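Those protein sequences? They're chains A and B, same order as listed. Position 17 (the first sequence) corresponds to 17 in the numbering used here; numbering is contiguous. Quick note: to get the numbering used here, add 1000 to the position in the second sequence (first position is 1).
Just so you know, these hints were derived from the structure itself, not from any lab. Because the structure is a prediction, the values reported are computed rather than measured. Glycine included, every Cβ here is placed at the ideal spot set by N, Cα and C. Please note: incorrect hints may appear among the correct ones.
Label pairs and their in silico Cβ distance ranges [said to hold, decoys possible]:
| id | chain 1 | residue 1 | chain 2 | residue 2 | range |
| --- | --- | --- | --- | --- | --- |
| 1 | B | P1069 | A | R10 | 15 to 21 Å |
| 2 | B | D1048 | A | R20 | 20 to 26 Å |
| 3 | A | A18 | B | V1041 | 19 to 25 Å |
| 4 | A | S6 | B | D1019 | 30 to 36 Å |
| 5 | B | D1120 | A | D4 | 18 to 24 Å |
Covered stretches of chain A, going by a simulated chain B footprint (3 or more residues, C-beta under 8 Å) [said to hold, decoys possible]:
| id | stretch |
| --- | --- |
| 6 | 1 to 13 |
| 7 | 17 to 31 |
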Amino acid sequence: MLHDLSADFRPLSDDFAAAREDARVLIVTSPT
Amino acid sequence: MCLEGASVAGHDLLLALADRGLRAFYVWTPVLAADDRDAAVPAAGDRDHPAARHYWDADGAFAPALATPLDLTPAETPTPRFPLAIAWDVYLTYPPGDHDLFAPASWMHQLPTKKAPRLDAAAFRRSVEALVPAGP
Chain A
1 MLHDLSADFR PLSDDFAAAR EDARVLIVTS PT
Chain B
1001 MCLEGASVAG HDLLLALADR GLRAFYVWTP VLAADDRDAA VPAAGDRDHP
1051 AARHYWDADG AFAPALATPL DLTPAETPTP RFPLAIAWDV YLTYPPGDHD
1101 LFAPASWMHQ LPTKKAPRLD AAAFRRSVEA LVPAGP
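Turn these sequences into a full structure, and let the hints steer you where they fit.
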């Protein structure tokens, strides 16, 4: 499922913070 | 190259390390001419995993915002569409705990910059393995 980022980068920022008990990787890239 | 990087730095690591407490967040951002939400849907779908979350950077705002804390300049992030520095083809790591999304523990890239190591799948995996509990 693909979630749309808002201007304040939610829901990414919320989901990232909620996963605080885990190690995380963030990948920023082009889809093509 | 972009999609391969997303696989080796994201999906492949989740297959190996998700049960040791690894989560992956993907931001698909418009950089190249063919980049749009319709292109992001299959890119995300091909890397679906219970420990993954995928986001479409519809405004193309996230990648430029991330360029500043990573100290990337326009010359280090050349693209046909953006005159500004944008952090794309970047792969960031964070240990467990409360951390700023814009302040990773480490990062790699596929850009013409020397401000961090170029993506190397084995080295990236080692850096991530150091952040999760040891396996059995």
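How the hints compare with the structure:
At about 18 Å, the beta-carbon gap between P1069 (chain B) and R10 (chain A) stays in the expected band of 15 to 21 Å. Checked against the given bound of 20 to 26 Å, the beta carbons of D1048 (chain B) and R20 (chain A), roughly 23 Å apart, stay inside it. Hint check: A18 (chain A) to V1041 (chain B), Cβ distance near 24 Å, so the stated range 19 to 25 Å holds. Separated by about 31 Å at the C-beta atoms, S6 (chain A) and D1019 (chain B) satisfy the suggested range of 30 to 36 Å.
Look at D1120 (chain B) against D4 (chain A): about 32 Å separates their beta carbons, and that is not inside 18 to 24 Å. Counting residues of the stretch 1 to 13 of chain A whose beta carbon lies closer than 8 Å to any beta carbon of chain B gives 10, which meets the minimum of three for the stated coverage. Three residues within the 8 Å Cβ limit are the bar, and the stretch 17 to 31 of chain A against chain B gives 14, so the coverage statement holds.
Comparing the model with each numbered hint stated earlier shows that hint 5 is the single one that does not hold.
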